[in-house]
Amino acid sequence: NAGVTQTPKFQVLKTGQSMTLQCAQDMNHNSMYWYRQDPGMGLRLIYYSASEGTTDKGEVPNGYNVSRLNKREFSLRLESAAPSQTSVYFCATNRGEESPLHFGNGTRLTVT
Amino acid sequence: AQRVTQPEKLLSVFKGAPVELKCNYSYSGSPELFWYVQYSRQRLQLLLRHISRESIKGFTADLNKGETSFHLKKPFAQEEDSAMYYCAPANKFYFGSGTKLNVKP
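From first to last, the protein sequence lines stand for chains A and B. Take 1 as the starting number for the first sequence in the working numbering and just add one per residue. Take 113 as the starting number for the second sequence in the working numbering and just add one per residue.
One chain only, chain A, in its complex shape (with noise of 0.2 Å):
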């Protein structure tokens, strides 16, 4: 039982440059998230998918777009990498809007 698991770990990019951050749970949730994490700034919510088939923005969107591939998956991309991308992407699912998050390991991008 996994939990929450997230690819790659670490990745370096250049500015410009693309690629796509990967999520995966084994809990059966409906909901799944995408935040970034910056020193001062906390979690900042990025996009989530409350269920199956649907993704809405949150607080900071701009720069990335999401795929609810199916239950178990959530992918986050970042098409045009930019140095203020730079920071540690968690994923997130939990069972419905009340209940409390699981989170992923994380994934630490640095764009230079």
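Derived from the structure by calculation, the hints contain no laboratory data. Predicted model only: the values in this text are computed from it and were never measured. Worth double-checking, as some hints may not be accurate.
[As the list claims (entries may be wrong)] Computed, partial: chain A to chain B, Cβ under 10 Å: (1) Gln37; (2) Arg44; (3) Phe90; (4) Leu101.
[Said to hold, decoys possible] A few chain B positions that, by computed beta-carbon distances, are all more than 10 Å from chain A: (5) Tyr139; (6) His183; (7) Ser209.
[Unchecked claim] Calculated Cβ distances over 10 Å to all of chain A for the following chain B residues: (8) Val125; (9) Asn136; (10) Ile168; (11) Lys177.
Note that CB positions come from ideal geometry on N, CA and C, so glycine has one too.
The hints should help you fit chain B onto chain A, whose structure is shown.
Below, chain B without anything else, positioned relative to chain A:
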């Protein structure tokens, strides 16, 4: 919007001292609030939720509607409590900015 504020970026205490990590919320109604903890090099994990009214690892948090606060408290801090602590509302949008707790030996 359901927002929370954590006024302290860093809190340093000595082992055995009491600790209080502050969290204030700024919305009306009945808030549903959580505390999450992130130990070094580990994933964030749930520490407490206010409706459970339980004590986890010696920590408690009481919702004070008059002061709109949900402070996290522990009477005797341990070195293994050193971590980042986040207060968050149930809507998942606006986490607090986090408080780094450093417990010194």
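Those earlier numbered hints the structure runs against, lowest number first: 7
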